Amino acid sequence: MAHLRVLSAGPGATIQDGGRFGYRRYGLTPAGPMDWVAFRTANLALGNAADAAAIEVGPGGVELIVEAEAPVNLAFCGGGFTWLRGGQLVGAAARLSLAPGEILSAQPGVAGIFTYLAVAGGLRTPVELGSRATYTRAGIGGLNGGLLRAGDLLPLDVAGGSGEGDAMIVAPWLRPDLDAPLRVVLGPQDDYFDPTARDLFFSAPFRVAAGDRMAYRLDGPSIAQSRGYNIVSDGVALGAIQIAGDKKPLILMADHPPTGGYPKLGHVARADIGRLAQLRPGRACHFMEVAAETAREALLRLENEVATTTNFCRPLRRQVALDGVAAPDRTTWSAAGNRHPR
Amino acid sequence: MPTAPRFLPAGESALVVEFGAAIDPALNDAVHAFDRALAQAVIPGVIEAVPTYRSLMIHFDPRQLATDTLIEQLRRLTVAPETFAGTLAQAKHWLIPACYEPPHDEDLAEVAAALDLAPERVVALHAGATYRIYMFGFAPGYVFLGGLPAELAISRRPKPRPPVPQGALLIAGGQALIANRPMPTGWYNLGATPALLFDPQRTPPVSVDLGDRISFVPVDGATFASLRQAVAEGQPVIRQKA
Numbered sequence: 001m002a003h004l005r006v007l008s009a010g011p012g013a014t015i016q017d018g019g020r021f022g023y024r025r026y027g028l029t030p031a032g033p034m035d036w037v038a039f040r041t042a043n044l045a046l047g048n049a050a051d052a053a054a055i056e057v058g059p060g061g062v063e064l065i066v067e068a069e070a071p072v073n074l075a076f077c078g079g080g081f082t083w084l085r086g087g088q089l090v091g092a093a094a095r096l097s098l099a100p101g102e103i104l105s106a107q108p109g110v111a112g113i114f115t116y117l118a119v120a121g122g123l124r125t126p127v128e129l130g131s132r133a134t135y136t137r138a139g140i141g142g143l144n145g146g147l148l149r150a151g152d153l154l155p156l157d158v159a160g161g162s163g164e165g166d167a168m169i170v171a172p173w174l175r176p177d178l179d180a181p182l183r184v185v186l187g188p189q190d191d192y193f194d195p196t197a198r199d200l201f202f203s204a205p206f207r208v209a210a211g212d213r214m215a216y217r218l219d220g221p222s223i224a225q226s227r228g229y230n231i232v233s234d235g236v237a238l239g240a241i242q243i244a245g246d247k248k249p250l251i252l253m254a255d256h257p258p259t260g261g262y263p264k265l266g267h268v269a270r271a272d273i274g275r276l277a278q279l280r281p282g283r284a285c286h287f288m289e290v291a292a293e294t295a296r297e298a299l300l301r302l303e304n305e306v307a308t309t310t311n312f313c314r315p316l317r318r319q320v321a322l323d324g325v326a327a328p329d330r331t332t333w334s335a336a337g338n339r340h341p342r
Numbered sequence: 001m002p003t004a005p006r007f008l009p010a011g012e013s014a015l016v017v018e019f020g021a022a023i024d025p026a027l028n029d030a031v032h033a034f035d036r037a038l039a040q041a042v043i044p045g046v047i048e049a050v051p052t053y054r055s056l057m058i059h060f061d062p063r064q065l066a067t068d069t070l071i072e073q074l075r076r077l078t079v080a081p082e083t084f085a086g087t088l089a090q091a092k093h094w095l096i097p098a099c100y101e102p103p104h105d106e107d108l109a110e111v112a113a114a115l116d117l118a119p120e121r122v123v124a125l126h127a128g129a130t131y132r133i134y135m136f137g138f139a140p141g142y143v144f145l146g147g148l149p150a151e152l153a154i155s156r157r158p159k160p161r162p163p164v165p166q167g168a169l170l171i172a173g174g175q176a177l178i179a180n181r182p183m184p185t186g187w188y189n190l191g192a193t194p195a196l197l198f199d200p201q202r203t204p205p206v207s208v209d210l211g212d213r214i215s216f217v218p219v220d221g222a223t224f225a226s227l228r229q230a231v232a233e234g235q236p237v238i239r240q241k242a
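Each protein sequence line maps, in turn, to chains F and L.
To convert, note that position 256 of the first sequence is 256 in the working numbering; the numbers rise steadily by one, no gaps.
To convert, note that position 189 of the second sequence is 189 in the working numbering; the numbers rise steadily by one, no gaps.
In case anyone wonders, no lab produced these hints; they're calculated from the structure.
Misleading hints may appear alongside valid ones.
Stated by the list, open to error - Quick look at which bits of chain F chain L covers, simulated, 3 or more residues with Cβ under 8 Å:
{"hint": "1", "region": "136 to 144"}
{"hint": "2", "region": "248 to 261"}
As the list claims (entries may be wrong) - Straight-line alpha carbon distances no greater than 27 Å define the calculated DSSO-like cross-link-like pairs of lysine-lysine that follow:
{"hint": "3", "chain 1": "F", "residue 1": "Lys247", "chain 2": "L", "residue 2": "Lys159"}
{"hint": "4", "chain 1": "L", "residue 1": "Lys241", "chain 2": "L", "residue 2": "Lys92"}
{"hint": "5", "chain 1": "F", "residue 1": "Lys248", "chain 2": "L", "residue 2": "Lys241"}
These numbers were taken from a predicted model, which means no experiment stands behind them.
Where is the CB? At the ideal position from N, CA and C, for every residue including glycine.
Just chain F, same shape as in the assembly (with noise of 0.2 Å):
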């Protein structure tokens, strides 16, 4: 049996599917990658489904190895990481065949939250209700319910993998400007908010104070309701933007609760979401409203240019040494152009 094995794992690394549905009803979040945008093109890099279990790898980065009787494909992008195969440097974003015994790590860059490493196939980590996404606060999902620790074996699909060869991934979605304004579709509790409250809103700029994998805290104005802050417990969907007692906005991110009693301005549109999700605490960020309708032709360009991510994995030549033994790893590319924009 194929295997990965974590040899170390700072906090926040999880295996994610594209997120466990149909059991918001009985309070299940839906979980699933914080980006994902990087986490999809990690997948569809390998030929996989693209919302194929996959590892996310939070600001504590992590190191794998290699336990199989033949060579594994992997993807990894997202959140401007360090990749090294064996201690050497990669680069943030690459398709590979790591041969068994061979070492991966990622440690985080200068800017991003979170990275992926998808192999090819999909991670075969047991499937709870209907998921493998971890969600961590109820414990299911992933390898029983936690976050990845050293020693971890996490079982891999032998047949799966396209072979298509080493190679760089250079979609440009994966280095998106971070300063852009988040688009927002207002509602449903808009009207919770007067004009002047939604226009500090959409004008201030804000500033991550935390986050977590449940939701984004934000620093700036205060946005006060006109109408208190307490409604009879309602749905909550991800990205909502909730603003409570404190009137700062905390947005809610993908393992947010299903329901929630406070008054909601309005929903990050899913196109921006994994954007938002890789700004660290104390970055920068404004918003600016959208229509719903055009909320959703940004989400479907995106998801469409995503699709395309094979078409931006451009082959890696390996120097071959004149006796004919592959030599190690050494590219002329760098990774520093692979690294989102300070």
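Here the structure of chain F is known, so what remains is to put chain L in place on it, guided by the hints.
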């Protein structure tokens, strides 16, 4: 029957069908009736719906459905509240063991003091009521109940308290709640049930249903412990009222 619902966008991938803003059995009936009608209609692109006290959130795939198209289809939906009323008449009434003794009664004294009631009176009121299941939500298997006696109306804590234990029986804001997972909360913990109403190995994962009735049956600490043991061995500890 409440008036026609409001359709409120929640991003480009979800829509709220709002029947009202209050905790009210008639509103909740309308929500559940609409939920059933939607399930029967099978609109392509609808992923799932989440009923709450007073609204239904519909999650959909924006590749298959635009918000406006979905609203048009929902306006054409035939909702038969009578059908749901009929279903409600067959709703189950569950008897759920509950222990209000230490260490399970974490906030009982605090609630009694705040409401100027004897702790025994608080327990008698909580255990003497018949509740209706309005919604699940917030966290896996959290069961939100209506029917808390008015004497037990206490507002939420200004600041959350540390996590309650599994099975905690919470009250706040005129509502009652069974907490099936430890979570920090702004509610007050009166006791605990040994029953675990959420089990991811089961389909559906919650063993009670929307619209069902619930009553709590007080048990002592020793019975609580033996029932928890029974739960661990896979035996059911909740039963239907005869």
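For which of the previously enumerated hints does the structure constitute a violation, in increasing order of number?
-> 5
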